[in-house]
Amino acid sequence: MKSASNNQIKLLRKLGQKKYREREGLFVVEGERAVEQVLENGILNVREVFLEEGKAVNYQLTANSFYELDSKVMAEVTDTENSQGILAVCEIPKEASTEELSKKEGLIIATDRIQDPGNLGSIVRTAAWFGATAVLIGKGTVDLHNPKVVRSTAGATGTMPYKNCDLSKDLEVLEKKGWQTLLLDGNEGALSISKINKTNKIILIVGNEANGIDENLINANRKRVMIPSSEENRSVESLNAAIALSIALYQLNA
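Residue numbers for the sequence shown follow our numbering, so the first one is -11 and each next one is one higher.
Since the hints were derived computationally from the structure, they do not count as laboratory data. Fair warning: this is a prediction, and the values are worked out from it, not measured in the lab. Among these hints, one or two may not hold up.
What the hints assert, rightly or not - The calculated label-pair distances, taken between Cβ atoms and stated as ranges, are:
no., residue 1, residue 2, range
1, Ile206, Ser90, 15 to 23 Å
2, Gly13, Val161, 22 to 30 Å
3, Glu203, Glu88, 27 to 35 Å
4, Gln103, Asn209, 38 to 46 Å
5, Ala242, Asp67, 32 to 40 Å
6, Leu179, Gly42, 52 to 60 Å
7, Lys(-10), Asp67, 20 to 28 Å
8, Ser180, Gly119, 17 to 25 Å
9, Met(-11), Ala198, 41 to 49 Å
Said to hold, decoys possible - Computed list of lysine to any residue pairs in SDA-like fashion (alpha-carbon distance at most 20 Å, straight line):
no., residue 1, residue 2
10, Lys165, Glu87
11, Lys164, Arg210
12, Lys151, Gly42
13, Lys6, Asn(-5)
14, Lys(-10), Gly42
15, Lys92, Gly42
16, Lys136, Asn228
17, Lys60, Lys157
18, Lys136, Leu3
19, Lys183, Pro216
20, Lys151, Asp131
21, Lys157, Leu205
22, Lys164, Pro216
23, Lys2, Glu79
24, Lys189, Asn175
25, Lys157, Ile190
By construction, the Cβ of each residue, glycine as well, lies at the ideal position given by its N, Cα and C atoms.
Sequences and hints are given; from them, build the entire structure.
Listed below in structure tokens is the structure:
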């Protein structure tokens, strides 16, 4: 197995930053299970795989190239303390267009200023589990291909269409094509998710962890929905965004 070149190592370091991911059209998948999944399912285009020196290759050689990194460099270019000594460089999938999404049916998840990478990763993973049609990444949301987000998706990165967008504009276009928008909101006055009349075109918006959904996205035609708590609950103010989404999607799929 060949050793990674200096240029390859420089690129790996740069891909930790959003501007370089966008410029190169590449991102990094870390960890044994995650790399194994992308090699097996063939959904992502894998450019190269890098392994820590001495790590055995137990995968089909479906990537273009396998390269070795010494342990010090591996620690420098990975985002986790324990990277398991393996990472893959993958091409960022092409974004879906609003026009393409407007012709589909099902459930679209929209994120409004979700800033915690772990939350966004869990949201994507949950959306994939429940067979969501797509994910809209609103302005102010952490980069979908941030290493921490990718790790938190647990292999779901690239498994469904996505679009980085201005939610206010894209929602208007989709609503004109028959999509119904629901605002996942924990505030008083929201309707229980169990009482929603389901349609075959639903957009579910998940808001910012601390501030909820942007007021500019709230209007009379968009229903505010909530996950009701137990009547005996006296201490828990709200649910984590990803957990609330999981319950909502379970209810909408029931």
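Comparing the hints with the structure gives:
1. A C-beta distance of roughly 22 Å is found between isoleucine 206 and serine 90, which places it inside the suggested range of 15 to 23 Å.
2. Look at glycine 13 against valine 161: about 26 Å separates their beta carbons, and that is inside 22 to 30 Å.
3. A beta carbon spacing of about 29 Å between glutamate 203 and glutamate 88 agrees with the range 27 to 35 Å that was offered as a hint.
4. Distance hint check: the CB atoms of glutamine 103 and asparagine 209 are about 27 Å apart, inconsistent with the given range 38 to 46 Å.
5. Taking the beta carbon of each, alanine 242 and aspartate 67 are about 37 Å apart, inside 32 to 40 Å as hinted.
6. Checking the proposed 52 to 60 Å range against leucine 179 and glycine 42 shows it holds: the Cβ atoms sit about 57 Å from each other.
7. With their beta carbons about 24 Å apart, lysine -10 and aspartate 67 fall inside the hinted range of 20 to 28 Å.
8. In this structure the hint that serine 180 and glycine 119 lie 17 to 25 Å apart at CB holds, the actual value being about 23 Å.
9. Checked against the hint of 41 to 49 Å, the C-beta distance between methionine -11 and alanine 198 comes to roughly 47 Å, which is consistent with it.
10. Taking the CA atoms of lysine 165 and glutamate 87, the gap is about 9 Å. The hint holds against a cut of 20 Å.
11. With a CA separation close to 13 Å, the supplied pair lysine 164 and arginine 210 stays within the 20 Å bound.
12. Restraint check for lysine 151 and glycine 42: the C-alpha separation of about 39 Å exceeds 20 Å, so the hint is violated.
13. Distance hint between lysine 6 and asparagine -5 is fulfilled; the C-alpha atoms sit about 19 Å from each other, no more than 20 Å.
14. Between lysine -10 and glycine 42 the CA atoms are separated by roughly 12 Å; this keeps the pair inside 20 Å, and the hint holds.
15. Taken as a hint, the lysine 92 and glycine 42 pair is broken in the structure, with Cα atoms around 47 Å apart against an allowance of 20 Å.
16. Distance hint between lysine 136 and asparagine 228 is fulfilled; the C-alpha atoms sit about 17 Å from each other, no more than 20 Å.
17. With a C-alpha separation of about 46 Å, the suggested pairing of lysine 60 with lysine 157 is violated against the 20 Å cut-off.
18. Restraint check for lysine 136 and leucine 3: satisfied, since their Cα atoms lie roughly 12 Å apart, inside the 20 Å limit.
19. Between lysine 183 and proline 216, the direct Cα distance comes to roughly 11 Å. Compliance with the 20 Å bound is thereby established for this hinted pair.
20. For the suggested pair lysine 151 and aspartate 131, the alpha carbons sit about 11 Å apart, so the restraint of at most 20 Å is met.
21. Our distance criterion of 20 Å between C-alpha atoms is met by lysine 157 and leucine 205, whose separation comes to about 10 Å.
22. Among the hinted pairs, lysine 164 with proline 216 is inconsistent with the structure: their alpha-carbon atoms are about 30 Å apart, more than 20 Å.
23. For the given pair, lysine 2 sits about 15 Å from glutamate 79 by alpha-carbon distance, which is consistent with the 20 Å threshold.
24. As the CA atoms of lysine 189 and asparagine 175 are separated by approximately 24 Å, the hinted pair breaks the 20 Å bound.
25. In summary, the hint linking lysine 157 to isoleucine 190 is supported, as the alpha carbons are separated by about 16 Å, within the 20 Å threshold.
In this structure, the earlier hints numbered 4, 12, 15, 17, 22 and 24 are contradicted, and the remaining ones agree with it.
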